[in-house]
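Novice: Based on the hints, put chain F with the ligands in the right spot on chain H.
For the record, the sequence lines run as chains H and F.
Anchor point for the first sequence: position 157 equals 200 in this note's numbering, and the numbering is continuous, going up by one each time.
Anchor point for the second sequence: position 93 equals 802 in this note's numbering, and the numbering is continuous, going up by one each time.
Check the hints yourself; a few may be wrong.
Stated by the list, open to error - A few chain F residues that face chain H, going by a derived Cβ cut-off under 8 Å, partial list only:
| hint | residue |
| --- | --- |
| 1 | K770 |
| 2 | L798 |
| 3 | P807 |
| 4 | N808 |
| 5 | D816 |
| 6 | G818 |
| 7 | Y820 |
| 8 | I821 |
| 9 | D824 |
| 10 | G837 |
| 11 | V888 |
| 12 | T927 |
| 13 | V931 |
Everything labelled a hint here was simulated from the structure, so no lab data went into it.
C-beta atoms are modelled at their ideal positions from N, C-alpha and C, and glycine is treated no differently.
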Amino acid sequence: MDFDKLLNFWGHHLVMAGVWIALALSLNLINGFTGLFSLGHQGFWGVGAYVTAVVLTVLPAEMGWADAGMLSFLMTFPLAMLVAALFGLIVGVPCLRMRGDYLAIATLGFGEIFRNIAINSEWLGTSQGLSVPNVFRAFLQEQIGLERMAARRAEMFFYIALSWAVALLTLLLLRNLMRSAHGRAITAIRDDETAAELLGVNLTRYKVLVFVLGAALAGLAGAVYANYQRYVSPNQFGFMQGVIFLVIVVMGGMGSFSGTILAALLIYAVPVFLTFAPDTWVIPIFYDPTQGGVVHRSLKDLWQVFFSLMLIIVVLLRPQGLMGNREFSLVKLWRRLFGKKSESASTSGEAGA
Amino acid sequence: MSAPNGSAPVLRVDGLDVFYGGIQALRGVSLDVRKGELVTLIGCNGAGKSTTLKTVSGMLKPKAGKVVFQEQPIEGRPSHDIVRRGLALCPEGRRIFPNLTVDENLDLGAYIRSDRAEIRSDRDKMRGLFPILAERAKQLAGTLSGGEQQMLAIARALMSRPKLLMLDEPSLGLAPKLVEQIFQVLANLKREHVTILLVEQNARQALQVADRGYVLETGRIVKDGPARALADDPDVRKAYLGG
Ligand SMILES: Nc1ncnc2c1ncn2[C@@H]1O[C@H](COP(=O)(O)OP(=O)(O)O)[C@@H](O)[C@H]1O
Ligand SMILES: [Mg+2]
Chain H
44 MDFDKLLNFW GHHLVMAGVW IALALSLNLI NGFTGLFSLG HQGFWGVGAY
94 VTAVVLTVLP AEMGWADAGM LSFLMTFPLA MLVAALFGLI VGVPCLRMRG
144 DYLAIATLGF GEIFRNIAIN SEWLGTSQGL SVPNVFRAFL QEQIGLERMA
194 ARRAEMFFYI ALSWAVALLT LLLLRNLMRS AHGRAITAIR DDETAAELLG
244 VNLTRYKVLV FVLGAALAGL AGAVYANYQR YVSPNQFGFM QGVIFLVIVV
294 MGGMGSFSGT ILAALLIYAV PVFLTFAPDT WVIPIFYDPT QGGVVHRSLK
344 DLWQVFFSLM LIIVVLLRPQ GLMGNREFSL VKLWRRLFGK KSESASTSGE
394 AGA
Chain F
710 MSAPNGSAPV LRVDGLDVFY GGIQALRGVS LDVRKGELVT LIGCNGAGKS
760 TTLKTVSGML KPKAGKVVFQ EQPIEGRPSH DIVRRGLALC PEGRRIFPNL
810 TVDENLDLGA YIRSDRAEIR SDRDKMRGLF PILAERAKQL AGTLSGGEQQ
860 MLAIARALMS RPKLLMLDEP SLGLAPKLVE QIFQVLANLK REHVTILLVE
910 QNARQALQVA DRGYVLETGR IVKDGPARAL ADDPDVRKAY LGG
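With the rest of the complex left out, here is chain H (with noise of 0.2 Å):
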């Protein structure tokens, strides 16, 4: 296979990777860390890339601007995480100064909402959606002077690194938000609200601070993702995408951002891998006479059984996700593997890096 083919099929998914971990991340974040209930990680990385579309193509059009340059591009994701985070605020602050799950169900309605804002307003394409122009590209080739091939692949290796950057970005900053004096009162609040706002802790002010960070960086997601797409539409961002986030975060543990990551490259991973099985890999699936006995399916097509598959393994084996709230950390697995045995019977739940 030629280089430009394999950077396009693995660039993609690297791309892809990427924006999902930072999404699990950030929501991880908000379920894992902190207890709260959000359904609707998927409606804050949707506005995210609406508002990107909106600086690139609605706006330009609608106001006669010339079309977006850099500066525009750049632009797109400081604005796509302020408007994530302001929508955050208006639908955390109410239910985050009450205590019981109200949120769950402000967020699940706050993503169809949106969804449905989307599909009905002309300005924001209706369920056709939006097409963002390839601004990055064009920069590339008419300001740096790059040829169409090497701007294609110069754009791609962009986008990874960009993708990855940003989900490098959220780890850092929710790991040392975690490991603060914050991430102490954060966990108290997790661990027993009561107790942690008898000694103090300000619990709406927390969880607001939480609940809209974590929507900033869906947003931050969500401009990358829209950028490189260069195309949104409402059904991008449906329930079903945010239950996946839901599921990566709860398989991966919950509270660990290392499980998170392991659990986001998998579940992204699998169905990828699944189009490579050739289509003679059947597997028997059930029995039906009318369709002459036995009928068989091709691994390619099973891809939901898998996920079923593997949350039920998960969840039997171990309830408290792959990692639980511990942490991947070099370091131990080093001494575990080579060092003496005394060094690695270390106390247990300890967070390492």
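Specialist: Below, chain F with the ligands without anything else, positioned relative to chain H:
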């Protein structure tokens, strides 16, 4: 309630009425605690002891009545604000943070403070008071035994350097030996002039360690006075001290 010395009490509770929905749990409860005192509030299960402490600490809003802490009205203020004024509650049932280490639990006790050096020295003090907390410093608090968790809960509450420490049944569910240890700790704290409001079902030991006491029955204060006098009171003896 007569004040032997003229100074204003640290805590004055006046005529509290508290409801759970339509059910009245407190009826005109009044009490006060003066600086350096150990005051106990005793009563049977369901008398309203926890409700009283929860209302004082801001977890419940009274329908009527006043809570005055250091001459400031605090009823209806949020809990996190009340702690900052120097009023700590060590709640019923320990409620330590199981996923944090013992040290982290203690640090959270000092959440409202920012004097790092002092916090560290207070932590050392707690380790002196409760040696087990030094041994288990880096262990997750959820792995401690019930008695150890209770020690941690008390130490955590003390870490805020409260002007008044309220304890809700610290001896509940502990083996007799540990109960003894807890009351020993309370006696030590009293010697250090920590002001304490102690809620207990274990009336005998509470009255032994306390200066004064109040008896709560179905939401009403029915008796109060010096702890010694209450311990000798025939009604109290019959109802709470087994004859
Ligand atoms: N959350 C609640 N909802 C309704 N009733 C409650 C609640 N908590 C306590 N009560 C009632 O209020 C009364 C006082 O309870 P409480 O203050 O917990 O008593 P104590 O601490 O003295 O055992 C009891 O009759 C109890 O049933
Ligand atoms: Mg009680």
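Novice: So, against the hints stated earlier in the document, which numbers end up violated here?
Specialist: 1, 9, 10, 11, 12 and 13
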